[in-house]
Amino acid sequence: MAEATADRRLGPGRVYARLVGAEVRSAMEYPASFALGVVSSLLLTGLSLVGVAAVFTNVDELSGWTAEEVVLLYGLASTGFYLTDLLVGQLDELGLMIRTGTLDVLLLRPRRVLPQILAGDVDLRSLGKVAQGLVALAIGLSLADLAPSPAAVALRVLVALVGATAIYAAVWIASISICFWLVDSREVSAAFTYGGRDMSSYPLGIYGQALREVARFVIPLAFAAYYPTLGLVGRADPLGGSPALAWAGPLVGAVALAVALAVWRTGLRAYRSTGA
Amino acid sequence: MRVYVEVARRSFRRFATYRGATGAALFTNTFFGIVLTAVVVAVSRERGSAIGGLDEAGLVTQVWLGQGMIAVVDVFVRHPELMERIRSGDVVVDLFRPVDLQAWWAAVDGGRAAYEVLVRFLPPVTIGVVLFGARLPAGRDVPAVVAALVLAVAVSFGIRFLAYCSGFWLLDAKGAVRMLMTVWIVGAGMTIPLPLLPDAVEVPLRALPFASTIQLVSDVWTGTARPSLPGSLGLQAAWAVALIGAGRVVQARATRKVVVQGG
Amino acid sequence: MSDEVLIELAGAEKVFSQRIRRGRLRRQRRDVRAVDGIDLTVRRGEMVGYLGPNGAGKSTTVKMLTGILVPSGGTVRVDGLDPNRHRIELARRVGVVFGQRSQLWPDLPLVDSFELLRHIYAVPAADYRARRAELDELLDLGDILATPVRQLSLGQRMRGDLAAALLHGPELVYLDEPTIGLDVVAKDRVRRFLAHLNAERGVTVLLTTHDLVDVERLCRRVVVIDHGRVVHDGDLAALVRASGATRTVVVTLAEPGPPLDVPGVVVAEVDGVRQRLRLTSEDVSASAVVAAAMARAEVVDIAVEEPAIDEVVAAVYQRGLA
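Protein chains in written order, with our numbering: chain A, 48 to 323; chain B, 256 to 518; chain C, -18 to 303.
Derived from the structure by calculation, the hints contain no laboratory data. Beta carbons: idealized from backbone N, C-alpha and C, even for Gly.
Simulated coverage check for chain C against chain A, where a stretch passes if three residues somewhere in it have a Cβ under 8 Å from a Cβ of chain A: (1) 38 to 48; (2) 73 to 82; (3) 88 to 98.
Let's have the full structure, built from the sequences with the hints guiding it.
So, in structure tokens, the structure goes:
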């Protein structure tokens, strides 16, 4: 009887851990294929890094930023983005789940829908993409002129990654929710997620006024990598932002996530009202 | 021959009925177009001189052409029906029909590409021209542009057909196709227009078939075809022939394999 | 069967707004009333057959009962609770099997799906073990537990889905076409299992099906819906009466002959020596028909057939709202 009650409430965390554990175990069953998958993800996303670097074979600076600084910016954005991909990338299947009725199966279970989706089908090969981001980050950190002390740098990077992951996750969740209204608008979501990644990989200064405002106030991509990088290289924001913004990532991310979850819930409610 | 024309026409009509996704796709193209435009403009202004023979407007033009071409040459492999049929084994039925498999799918792809040119190519290019200063081709280059476009579709079909046929031998054709897609995106000048890459990298990339699907079309459009206009078209044609030829060989092998294994 | 009401639908409605294309550009909104005022009460312990032609609103009803869809009007209550507001709480006590869509994880072995569901439903270890033992035996799952679900035959997968739906010991089960596509042996096994579930365990069952033999064997009570409304709600015998379908007397003659002219029948078929005499109404006595037939010809053998159940249901559908 005691065993029964102790087992009763398996929180979502434990269930998530078990489901991910199942993924890890099946990946470990074919370690060679898994390793190949990780390495190829790393190399393939690395091509984007090469692209960024290649830009600087034509110029010495971009919007006043040197190559090392842009690589650092890219590294932060990329690492944060692919961490998010690992955690919430499964959401890309939402349109398919709606079309095939798999979403209904999730609604039958005594669990919230979003955690169930996130716990399913975690693609561990995305670790290769995260590794690529870390490589870029490492290169950027070692080559760029950093202002703060090494300890402060480490802290800033950590805070930035937390913030970036939260912000990209918010963008992902909010944009994929469009599928609840327009089935299979995965392409639109990709514009915001992958487009957002690309956008935050370059200094904000290259974008027009309108886009810059959007990146600061509407979809707060500027807080994911741009402001933190300004803080790391010790530069003032040419647009007049305070140095404290470099630390604002996690807070902005939390707010963004709250908004995104509200959008998600509204979408799910709409789906349940109109049916498939 | 008539069969294939019919197939192409029906394919065109089938795609014409999928209205919904177009708006979403245009939005996506526009977003990426805006980001890439900002990057190339920044680079061009910083450089102050032409890059790869392209001035600022020329680079912007290539960005929007790239966005327009994505769907036409199906870089993101959005229509892998043949791959599905090979995986499920249904393709066996196709191989024994008195219609050539490759020609059939080429006709289907032709119909699709024709539709995408109207609906997925013209809008982004128009946006680029109207809002971002992209250029239209010189009058005398228009026939060459059309030729380059047609050849690009042919080359892209050649690539995709071979990739799908890998499914006859590989268990995980999808994984191979995904890897192909990434190489294709880079090689075609989608991650960054090829003229921006250093010569040491750009020259070998141009020689690969991927560049023939997008970059070379852009070059003809902006009048910067290398080494010359006929040379560029010739390279596209050569790849089209080589890839489609290879496809025929692969198809014959696959048919033999299927016969031997009994499907 | 108790008196306690478990499911209650009162004036339940579900309206879908469809946009259909008329011609090249114009789009029209059209309201589809998938469920158009259903009143239905199911008590604890009942096994109710839920019939209707395709598009009648059966799946929509189940979706409203499980909280997947929100009703457009009327009320839906399961054990007094609104499934829309109490989806998660009710989900713990309800099991669902969709005939055409599996709940199992396709790439994992069957037993892994059970383990995952165990955690999702927070089933206590002892209960889980006991239930697994019983289900494995009743549904004969032993051989297929290690097989990836993807590789199971339809019948095996269905048994797996049934077990999966019952692992958490639900008091109420919705089965949507559970025998579809199964061979005769598998259907029989599933039917016997369901009968046991209801009779021995008191599990309330709402069985949506097109397979009328399921209904015959399992359901004392049959609810027929059409165009989103209930057109019949009663036991099977009442359904037969309501349909107006009649019995058939089959006579085998000594030698082939012309159709017998017997009052109160219509000769439905003449097949060599056998003739099928369909009674024209309830009031015609089968024995009188037999006697009349024997008076007119040399009858070697007779049989009396109840109306085929598909006829019964078809007749009810055709009659629509009585």
